[in-house]
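> So the chains spell out like this:
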Amino acid sequence: MKRKLIAMGLLMGSLNTWAYQEAPSLTTLVNKGELPSVDKRLPDNPMVITPLNEVGKYGGIWRRIEPNYQFHEWSNEPLVTLDDKQEYVPNLAESFELSADKRTYRFTLRKGMKWSDGEPFDTEDVDFWYNNLELNSDLEPSVKSLFSSGGEPAKLKIIDKQTFELTYKEANPNFIEMHLRSTMEFRLPQSPKHYLKDYLPGFVSDSELEKKVSDAGMTDWRQLFHNRWNTRANTNPDLPVLYTWVYNTDPQELQQQAIRNPYYWKVDTAGNQLPYINGMSWPLTAEPQVRILKALAGEVDMDRISKLTSDFTALKKGEKQGKYKTRMMELDDHANMLVLFPNQDYDGEDKEVQRLMRSKTFRQALSIGIDRDTLNQILGIGLSTPAQSVILPSSPGGSVETSSAYTKTDLAKANEMLDALGLTERDNEKYRLGKDGKNLTFLVHFQAGRKISEEGAILLKADMDKLGLRFIMRSDEKSYFEQIRRGGDYQMVLHNNTSGLNPLFGANNYFPVMSANNFAPKQSAYYLSSGQSGVKLTPEMATLAKYYEELLNEADKKVFAKKVNEVMKLHAENLWAIGLLRYTASPAVVSNRMKNVPKKLYSVYKSPFYHNKEQYYISE
Amino acid sequence: MLQYILRRCLISIPTLIIISIVSFILIQLPPGDFVDAYISERLIVDGSINDVDALRASIQAELGISDSMIVNYFNWISGFPKGDFGYSFQHQKPVSDLIWGKLGLTFLITFVTLVFTLITAFITGIISAMKPYTLFDYIVSFFGFLGLAVPNFLLALLLMYLSLDWFGTPFSGLFSPEYLNAPWSMDKLWDALSHIWIPVIVVGTAGTASQIRIMRATMMDELHKPYVDTARSKGLPTYKVILKYPVRHAVTPLASTIGWQLPELVSGSAIVAIVLSLPTTGPYLLQALQGQDMYLAGTFLMMLAVLTIIGTLLSDIILALLDPRIRLS
Amino acid sequence: MNDNTTPLVEVEGLQMHFSMKGGAFSRRAGVIKAVDGVDFKIFPNETFGLVGESGCGKTTVGRAILKAMQPTSGKVIYNSKNGGKIDLVPMTNKELRPFRQEIQMIFQDPYSSLSPRMTVQQILEEPLRLAGHADKEYLYEQAKEMIQQVGLRSSHLMRYPHAFSGGQRQRIGIARSLITRPRFIVADEAVSALDVSVQAQILEILAELKNKFNLSYLFISHDLSVVKYLCDRVGVMYLGRIVEVAPTDILFKTPLHPYTEALMHAIPDINERQIRSDILAGEIPDAANPPSGCAFHNRCKYAKDKCQSETPKLREFTDTFNGKEIFRQSACHFVEEIYYK
Amino acid sequence: MTSTNTTVPDFSEADLEKQQKGNDIFYASKKRLMWLRFKQHKVALFSAIMIILFYFVAIFAHFFSVQDINKFSAKYTYVSPTEIHFVDNEGDFTWPYIKNITRRLNMETLEFEYTTGEETYPIKLFHRGYSYMFLGLFESNLHLIGVDDGGVLFLMGSDKLGRDIFSKVVHGARISLSIGLIGVFLSLIFGTILGGISGFYGGRTDTLIQRVIEILMSFPSIPLWMALAASLPPQWSPLVVYFMITLILSLIGWTGIARVVRGIVMRLKEEKYTEAALLSGASNFYIIRKHLLPGATSFIIAQATLSIPAMIIAETSLSFLGIGLRPPVVSWGVLLQEAQSVTVIANNPWVLYPALFVIAVVLFFNFLGDGLRDAADPYMNRA
Amino acid sequence: MRKKLLEYKNVAAQFNTIEGQTNTLNDIDLTIYEGMSLGIVGESGCGKSVTARLPIRLLPEPMFKITNGDVIYHRDDKPFDVLSVKQNGKEINRIRGKEISMIFQEPMSSLSPIHTVGSQMRELIMQHSDMSKEQAKEHAINMLERARVPRAREVYDDYTFQLSGGMRQRVMIAMGVSCSPRLLFADEPTTALDVTIQAQILGLIKDIQREENMALVLITHDLAVVANMVDEIAVFYLGYIVEQGTTDQVLKTPKHPYTKALIDSIPTLHTSEALKPIKGSIPDPYTKITGCPFWMRCDKATDQCRQEVPPFFSHENDHKVRCFEA
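So the sequence lines, in the order shown, correspond to chains W, D, H, Y and S. First residue of the first sequence: 1, per my numbering; consecutive thereafter. First residue of the second sequence: 1, per my numbering; consecutive thereafter. First residue of the third sequence: 1, per my numbering; consecutive thereafter. First residue of the fourth sequence: 1, per my numbering; consecutive thereafter. First residue of the fifth sequence: 1, per my numbering; consecutive thereafter.
Just so you know, the hints here were simulated from the structure itself, not pulled from any lab data. Heads up, the beta-carbon is just placed ideally off N, CA and C, and yes, glycines get one too. Incorrect hints may have been included.
[Stated by the list, open to error] Listed next, with one range per pair, are the computed distances between beta-carbon atoms:
#1 D:F142 with Y:F134: 38 to 46 Å
#2 S:N16 with H:E141: 38 to 46 Å
#3 H:R153 with Y:L142: 42 to 50 Å
#4 W:K536 with D:Q60: 25 to 33 Å
#5 D:L314 with Y:W35: 54 to 62 Å
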């Protein structure tokens, strides 16, 4: 009965006659006069969230375990977001419109929205954020791809207090999804003008700024600014934000925490200001082992605990004692956890290696020589799927055929193909000699400390031994591994594919157009620098690059899917990247006291967050 | 005495300078630097950045570092007299804001461990030496050797797991939740001391073994010194003889172990802290080293060395206090 | 070439000063004059005794002559077999090498002076090897002969030093020092560490070998009675200086220096029943801070004002003993007044 | 009764010798004395035998390993140590045999569960198993023990990749034990040379070297290792890294040895027999070669023996932190790194077996070093 | 009649070490009377120090084992068997330092270098009396002055390493007599000292013995030292007393070949006879010797000497000799 009334009230919400409820702790503050009443804190048209199961109760602290530096990632508030069905849902912006030429986005912000310190949030902040921060070459020497097209930054036009337009040079239909998935890059929700301008040259006098910098023990105003802006880590608890919970601990404290944003702009269907949960807390650092132990001890309410599927068992066994449920948290965007990339741009001494890596037959032979089932059994405890390095079959343009091409092990066929390439002679250790009669060695780099890679490397080497191919697996420290990849002179790397849903997010996995491309790094550099550096694109790579440009501007979803499928077919046939296994889910725990938690959990990283985390509540 | 301390301090200065240079070179040895690592990460997130050099220059300017190691070194070292140890790139804070708390806790653990090992070695060493080749002696030396043989990190891991099994909560950290963010007070110190036993046991095991051996050996030597006979010939009861003479003499070599024990303990606490997630220097140093946060790593290394130098100094002073021959000759 | 009137070794103005560094807590520094101008001569086939209490510098003199220490100044003139008179002081280790086999040393401690890792044979052969002999047969023959000379048997050559008693070890030490057929041997407290009965044996051997091999000894000892037994002439040292030199017989009969006199009285004697503790008051002064004038004045019962202010020189005296005229030296201002009254 | 002839016969000796007969201690060399003394130290003797055994097994790692450590098996991940049966179905004692196992994934806990089958496989001695190069000389497939195809023998269980942990331990011993040896060898070279120079020449040289040692010792070793290991050029091959780690360990390890050597050299230099040689015209080189080094050897060996376990522990610690050796290199430290997960300790505790070997070897080395140190100077009581 | 103070009755003792067994003492029969001075003379390893340490049980038991005999201490005319009580027990501690005290050979190592002279003296005085700390200090300074220590009050607060060897031995003596013991053992008190200092110290010991009227046992390897110091002499050889008598008896009319040889082998200052060394050397302590301990070095040894240990014959005026010939 009551719920019905509430539902009716919701319809009248727009009339602004609604009386909202708030958390008891805030009511106390309001009564003391330290905080305006809830109606004055909420925007005129707060975003209404339908609780997953039921309207929750206020209170409690959500004990987490994720490391500190991800706070911004899992707190971010995009302009527009996606729901379960991948439909657009308004968020910061009440509404948005994309122009017919797909170049101009018009966003309308909610009227009366406020930063967590009560200051109003409007297009003035947007202007400051975009023109003074994002396009400030002192802070960002090159414009992020999120805000550029055709080599030029998008133009911001402020229409009024609530409305602004972002105009790209070329058609750019993917901004919404891009800004959703590049949470680290979209920093509007933590860029309040009224606060940050005090630390930016041009807004304060140089001498004043200099004093602030030296008072903080720093030497450059940018050090101070990044510190205030929480750029690389949580360094500033005073920064006003638009988040659900506001970081409010000293960054050096062992136990970090965030408390509710009294000006948070979402309400539930009963008119209760969200979030229900008072705050979050998480340790400054937690070793992988400590995370598991804490989870087992029931000291984590909800979080991903480990990246290793194999940790599931231990967590599962401790459910009763720790009063939690173990769930698999999906990494929906991650296509492949192991991909072998033969470098098409390798131009080193060993021309035989170069010849073979550029041969489609060779790559196909490698692919069918890999025993993916065993890999799956060992690395994914049988829960993974052997797959090529293409997007998920369920994504637009994906298909089972492309995903499973050349994944069936056929040693006889593989050997036959290798023989056909002239690799018939063998040395005294039974390894194949090159066509030139010399020893044939392939050097594969992988990132040290990445368990999947370490174990995968051992298994892969065993498979290659069976083919008579001498693979040397080299583990490299992370920063050096990145350096090798950037240099582009390697033979092969064993790494992952980070783009399973849409080939444009993580385009380096499919197109030779960006840095961090693993199969044609030098051609990518050529493309990226418009011919300034790198190696000219081969025809087949040029084809891929052309597809990329077309997809960037393609707004029609069907055409988009069709073109993606064509790209994937190219990949499945040519195997520039030899995929091994799909990502498996990571074990997570959900405490029995956490309510309104969806069945399906997604990882925070580059995905639509925890679903409506503001409507979770705690009930003992 | 004062003059001696002053002179010892002066002697330490060139040592410190060399240590600072060595520390700095060490952390600069790996190829690439923080800027490189940072750029790499940026490129993974946003692969469309094409002007890497501009990015590098901008970040270098912001961080106030140059390509020249020497310039960076002098920038760093010149701040020391002012208490300015440079800027932490990872934490975006002056190093001086970051290190003291961790060093304090490192010191606390090291100090408590030192006291613990000294007391243990003192008592068991005396008993072992008084009753050599008895069951007690054998048990002590067996456990001593075992302590030496079990790698610290393994012990830490096992204790952590067992504490979950036995007490239902894993041991990690140094404080109860209510004191985590509390300012330092007697209660918090007490709380820390009640948590400190696992790291102390873990770090202390190896050192205790060798100290017991030293104490036992010197006690056995001293027990047969002529002055012990003299003391006995005076008709003093055994306990008075033992405590006043051999024990008093054997304490000196035990005290002199403090000097080299300290670096070992600091090392031990570093690795244990990494396993147990203790907020001491260990994990931060490792993180700083791996992240090539050079000023932070360098300052940590330097401070740890200074800590041990101070330890050696203290141990020398204690020795001088204990032994009039050093003090007066 | 050598007759018994040309000195084999002449020590002239030998000085050995040590600079003293301040200890950890003290900044005290200064110079210890361990040997402060010592002159004496040793003739062929003569045993020259050097006696004095600990810290008087007698051992330092011995080591300086052997060049185990580099003297601060002075000369050590050695009348070598083939090279005539040479001053050892300015010579380098390398230059000294040819003369090493002519000058040897016997050590005090029979335990530390033999390497525990070598057999007796190896120990005995070592000096010969160092002198350039390599023929195994010859080396063995020499070792065998020498071990027999000191009263041990050739079967002992195979043993390690730890199998021997102190006296036997000292014999091995003597054999080692004699194997290169030296002409001059410095024996530093060679019998002090031995038991009374063994001490006598070693003294015997030393005396016999001296005549057999025509040796000269510098015999350093604190024990006047031992010196008396073995030495032809004796020099008495006190605080870095020689205070008296005389042929043994006459020295012990009529000393010409109050210190020698006191020393002799202090030695207990089986045949005497009176402890003479009143003879010498006080203790030996600190070498770093010696008394002014005659260093002995503060313990000397004859001391006068002059002794405090003026350092006495070593003066020559002529005496008659058993009808012969004998030259002797003393460094006392009042020899005439006290002893030739 | 006065003996005036030069030979003073020890004529009591003939009689004495009768009693001493059989007491060969009088003819015993220094080395022999050490050995006699060492033999009395039973624990040390036992440790020495065990250590030799360990090294023997490490050298012939392939022969002693049951399975190829490069062979992994998806069918056998995390198998607990194989149960060896001594009693057949009739209840009679029989030649030890094992039973086959089959795997099933428990979908509830996502855990592999193994059930024992009925097929039996006897454990064979000198079994023909996988083939390998015997010490790099010739191909062989002989192994100490093994079972026929179809059965799997995991003496200490298997790891995540289905590899036999026992075989990995045997292979890991190669690296871990040799790191200790090589590291100590390098430390010995540095330590002996620098300590020797320091003790022999004294003066300023000594002060300088002591200063260097002081500085090195005032660095806490683990942070220093972390810094050094992090500074290894990453492009180096695992083998080079292995040697560099050893070198790093020894760079820090030499200080202890140098101090010992310095002390001994200073003492031996003061020994009168050294002076005797010097006064016979021996050169410095002769003194060092003939008197100082032989005198110091036993102490150095004892000290070195005590340093080896420290190196082994250091290797495991570094590898554990992930800054030392890394898979696919197999060392005990790497094996322990695989065991560092709580999940593993809880579910597959047998992965911790390598730790027992580390502990055992370190214990044995310590006992051995202790025994050697005691035996090093049989004259100690005599002096 | 002299009053017995300490009696050794047929004492035999051994050391059992890893290397073997030594017969350290054999059939020691010795009586010390009140106020007498006795010299025990012998070469190293003859058992003279063990004899001194035995009555106050200062030996490393159980490595040191008494296999036969009794040691009786006569206190208040009540015989007290010192071997019957616990080694470091209360009964022994009552005697140690108070009734029997010792002066050791090396004053350097026999005094702790890290404690002050005062601290080491005071503890002894306070252990055996009811004196307060202050009183004990005054008493100690008094004793130091009696031992002719100059600046006694300052020396009281000095550390022993700051003193010269002679001064240290004076401190030892002052300490040894500070509780007015009835018996003072002086174990080679002057071996480490220079001759001139030796003379001073010997004089001091003799003076103090006379003043305090205590018994003195002076242990030395140097016959000349005892000649000046004691009334009676016991000559030790290989754990046996081979000769015992008044000083004159032993030195002027020695009866045992060893004593004779010993006297002959000492170079003296005032006579000019040739030395007559004893042939051979002292056997290794682990050697088992049958018969007379000296037969191997004795010219007059007979078959009887080789097989039987001679009894300790008493000759005229209590001059005892262990020799068949005498």
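> None of the hints should be skipped; say for each whether it holds.
Hints, verified against the model:
1. Distance hint check: the CB atoms of D:F142 and Y:F134 are about 39 Å apart, consistent with the given range 38 to 46 Å.
2. Between S:N16 and H:E141 the beta carbon distance is about 45 Å. The supplied range of 38 to 46 Å therefore holds.
3. For H:R153 paired with Y:L142, a C-beta distance near 58 Å fails the hint of 42 to 50 Å.
4. A beta carbon spacing of about 32 Å between W:K536 and D:Q60 agrees with the range 25 to 33 Å that was offered as a hint.
5. Restraint check, D:L314 to Y:W35: a C-beta distance of roughly 44 Å breaks the suggested window 54 to 62 Å.
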